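Enquirer: Below, each chain spelled out in residue letters.
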Amino acid sequence: MAYDTTVLVIGGGSTGCGIARDLAMRGVEVTLLERGNLTHGTTGRMHGLLHSGGRYAVSDQASARECIDENIILRDIAGHCVEMTGGLFVQRPEDPDDYFQQKLSGCKECDIPARVLSGGEAREIEPHLAKDVKRAIEVPDGAVDPFRLCVANAIDAERHGARIETHAEVIDLLRDGDDIYGVTVRHDSGPGKRTHKTPGSTEDITAEYVVNASGAWAGQIGDMADLEVAVRPSKGVMTIMNVRQVDTVINRCRPKGDADIIVPHETTAILGTTDEEVSDPDDYPEAQWEVDMMIDTLSELVPILQDARTIRSFWGVRPLYEPPGTGTEDPTDITRDFFLLDHAERDGVTGMTSIVGGKLTTYRLMAEQIADHVCAQLGHQASCATADEPLPGSENLEALETAMDDFGLRSPVARRSKQRLGSRSQEVLDTNEPNPVICNCESVTRAEIRDAIEQSGSDLNAVRIRTRASMGNCQGGFCTHLIANELVDEYDEPTARAAYDELLQERWKGQRHALWGEQLSQAMLSYALHATTFNADGDTARSGQAIDFAAFDSGQSDSSGGTTGRATTDGGTQRTDQGGDR
Amino acid sequence: MSDAAHTPDDGVSSDDEFDPIQVFPESTEMDLRPGADDCYKCSTCDTNCPVAEVDDDFPGPKFQGPEQWRLKRTEDHDIDDSILKCSNCMRCDNACPSEVPLSQMHNTARGAYVDEQMNKLSREYWRNRLLSNYRIMAHLGSKVPRLTNFVMGLGVTRAFNEKVLGITSEREFPDFATETFREWWHNRGGAAASRDRAQAARTSRGIDGDEPKRIAYFHGCYSNYNTPEVGKALVRVYEHFGYEVLVPKQRCSGTPMYANGMLQDAKRAADTNVPELAAAIDEGADIIASCTSCSMSLRQEYPELFDIEDVERVSNNTWEGLEFLRVHEDLESELQGTTADVPELAYHAPCHARNQGLDGQAIEVLSVIDGVDVEDVGDSCSGISGTYGWKEENYDTSMKIGEDMFQHMEGASGETGMTECPTCSMQMEHGTGYEIRHPLEILEVALLEGPEAA
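Chains as they are written, first to last, in the UniProt record's numbering: chain E, 1 to 582; chain L, 1 to 454.
Take the hints with a grain of salt, since some may be wrong.
Claimed, not checked - Just a sample of chain L residues kept apart from chain E, beta carbon distances all over 10 Å, derived:
(1) R182
(2) R188
(3) D208
(4) R268
(5) A279
(6) D307
Said to hold, decoys possible - Listed below are several chain E residues computed to face chain L (Cβ distance under 8 Å; list not exhaustive):
(7) T267
(8) I304
(9) S521
(10) L525
To be verified - Take a look, some chain E residues computed to stay more than 12 Å from chain L by CB distance:
(11) E83
(12) G200
(13) E518
(14) L529
No lab work stands behind these hints: they were computed from the structure.
All of these numbers come straight from a predicted model, not from anything done at the bench.
Even for Gly, the Cβ is constructed at its ideal location relative to N, Cα and C.
Can you build the whole structure from these sequences, using the hints too?
Expert: Okay, structure coming up:
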């Protein structure tokens with residue numbers, strides 16, 4: 001018999017998790033399905049900007065107003081995911097004055113606090129800004145960790161009774177006439193927390209109402225029930241710098257263009273971005289010139305970037321949408337607003353709504369509106385509380401700041417750990433067990449890794465997004481095996497190996513676009529370490545191929561010497577009879 | 001700072017209107033995060049750290065340097081207190097294959113720690129301040145050297161030092177000379193006498209008399225107050241080659257101050273030293289130090305830590321005593337056929353000599369001299385690292401680090417030690433009881449056949 005739920009949410013990004021939390025808090029029974037990890041789609045592939053609204057203050061004032069409202073709410077309810085860095089819109093001498101004025105008045109019209117700084121004042125805040133920058137507008141931009149935010153929403157949804165399934169791909173919508181009544185889902189490794197090597201299974205889940213929150217993939221989901229959702233996926237590249245060259249969000253103050261933002265993100269800085277429409281959100285070219293162009297262009301603002309180390313680059317796909325018939329040519333001109341598409345009104349098919357467009361900063365508002373809509377459909381009377389209820393980890397953060405407990409950790413380790421865990425610090429870090437640092441780049445201790453494993457099973461990428469372990473400059477070179485080692489208590493050796501391989505591959509993926517200078521040295525060192533100590537470059541124990549021991553010689557015999565065989569570089573003697581396979 | 005009503009300056013700022021360095025009035029606020037870019041975490045620094053080798057609680061230079069800096073945000077001001085366990089031997093600088101500015105990171109972090117986190121009323125702070133300002137103590141002590149030596153040697157003084165100040169009673173304070181180097185220099189006739197001697201030497205060597213050959217001697221504190229014989233040897237050897245010696249006004253090189261995080265004290269001393277030395281360079285002199293930590297400081301730490309006019313020029317024109325002669329004179333030919341009646345020597349290369357690439361030169365140069373038998377005791381650290389091993393809490397670690405060197409010294413056939421570094425020589429003497437010489441003293445014996453009349 002099929003599992004039955006009241007509301008089924010497709011998509012474990014910020015929107016989907018936000019909807020699940022909102023509905024669960026309103027007392028609605030909800031199930032969320034995500035085909036990869038939480039944040040796997042667009043949420044985990046963004047620059048981490050908490051918009052002040054300044055970016056939209058000229059072109060899209062409705063979005064700008066929503067941004068500043070939500071910005072203030074998120075500082076409150078998601079304090080442990082947000083860093084209020086402040087932001088600057090920086091004008092270079094060649095950038096237009098009239099746009100600078102429009103930006104300034106736009107901010108004022110949208111109630112975004114803004115003040116003008118001279119070039120000198122801007123450089124006092126950010127000493128690495130180019131010497132010839134003309135002036136800047138200071139706005140309350142911030143940085144947000146999309147992983148932590150998304151996970152915190154999911155955790156809270158679960159606390160309110162939601163079922164969250166990751167690695168669960170929707171492969172069909174169940175449609176009966178003009179009604180959608182559920183989905184068929186393929187579990188990559190059985191339902192529940194992910195354990196590698198567990199056989200996959202498929203499951204039908206029926207629901208009173210389905211919410212398609214799959215973002216750039218919303219069109220593909222729609223297709224399953226012959227509904228057209230005209231998402232226009234648009235790719236953008238982002239490059240992660242090894243250190244924070246800036247501690248403030250730096251925007252280029254000009255009408256539009258690629259490569260115009262630098263966001264300080266945790267220990268790194270993220271450069272963004274480009275905007276180019278793609279046909280398939282799962283398959284699009286990633287070209288090195290996009291990275292080069294971005295570094296070159298942003299170096300005009302912050303010259304030190306030109307020679308700074310990048311640790312990886314990644315591409316994200318925006319779920320842009322515009323109502324049919326708008327016909328905008330350039331994706332940068334498509335609105336960043338979000339749209340709620342009730343398929344009953346639109347297509348005469350009941351039981352499902354799609355949500356498209358939008359941005360991370362306004363995820364909560366989107367979730368509130370769709371939850372209102374769903375509750376109206378279900379006739380459920382309950383009001384939204386997500387603007388006031390802090391997320392798990394963000395309760396009583398002031399109390400945490402005054403409590404000086406470092407849990408026996410070195411001060412920078414304690415500082416970063418507490419920042420990530422927020423009000424969960426005590427519960428996670430206060431342990432009687434030895435608590436060594438596992439990931440040195442990001443200062444992640446064993447206790448935090450184990451806490452993440454408890455949440456997400458053997459999936460080390462899920463551990464990564466919860467802890468930042470392996471996200472520093474060595475990109476897992478020095479810790480992947482140590483993280484995998486923490487699986488031993490609960491999981492067997494093949495499971496740990498599979499988890500290790502998967503994390504190592506994921507870390508390699510992004511480094512392919514950073515292979516010059518120091519990161520090339522880093523990658524070579526990591527390769528050498530893992531190849532020589534774990535046979536990660538070709539382990540017969542895993543490939544199942546037997547070793548051809550006959551291909552080895554028996555070493556130098558006492559009687560050898562003279563004319564039979566020459567010494568080889570390893571000190572052995574070259575075989576003179578017949579060559580073994582090499 | 002402007003406010004909303006402020007009129008922005010629309011003009012493009014010229015370069016001299018704003019210099020980013022002004023943002024950080026104190027060097028302790030330097031942002032070294034970009035230096036972390038060079039680290040690919042190979043851990044060679046950690047395996048070369050003598051403190052990490054004997055102290056499991058010390059996280060090592062990789063953590064202290066690039067990792068801690070990378071984790072820093074502007075608003076963070078707490079530095080892990082393990083920074084005080086770093087002995088400032090700077091071996092990590094030398095070990096790093098990738099040019100991470102490790103010691104600069106450590107010095108800056110230590111400075112920030114002392115500035116912002118150390119209690120200025122604590123015994124530790126004042127003990128460190130006292131140790132790092134050795135020159136002031138030495139200056140006072142050497143006014144009445146015999147009395148000072150007597151008092152410092154008393155058991156009751158040493159007990160007081162340990163109980164009240166936290167200075168280990170295991171070590172004996174070095175004796176003050178009854179005549180400082182500068183007193184000797186002054187009594188000898190100063191620069192004018194040196195000019196005459198150099199001129200005479202140039203004439204007898206057949207060098208064109210007008211050719212300017214001039215050096216400025218940075219003697220540092222120790223060869224001034226404690227071992228003036230090293231300074232005298234340097235002066236005589238250089239005059240022998242026809243160099244006129246200047247002895248500019250000077251203060252401490254700053255090495256003990258960096259090691260204790262007293263960057264402002266070091267900056268004050270540098271504010272005297274840099275212009276004085278720059279003036280000597282203007283007169284055609286190169287700067288020569290007989291202490292390898294002094295030359296290290298002028299060369300590397302000054303430009304890394306201080307924004308003083310001429311700091312780069314001083315750095316670029318500073319040499320160690322033997323090094324300069326090897327480059328500018330045909331030292332080997334000069335020493336061919338010379339003899340020196342000296343005991344067999346066990347040589348220890350100081351870490352700071354190593355960092356300047358000078359660890360091999362003493363043996364290479366001195367072996368040419370007939371009668372000199374010198375043996376290298378290996379590449380271990382002596383463990384004292386200036387003031388580090390004088391602190392009660394570091395004494396045991398210091399002796400553990402020195403263990404290898406002591407054993408190798410015992411194993412060497414010589415029973416006299418030799419090194420360029422004053423505090424290494426204290427440790428060598430402390431661990432073995434040997435008398436310790438400076439390479440310049442051996443050179444003096446070979447070239448001048450016994451002490452010249454002063």
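Enquirer: Check each numbered hint against the structure and report the violated ones by number, ascending.
Expert: The structure breaks hints 11, 13, 14; every other hint is satisfied.
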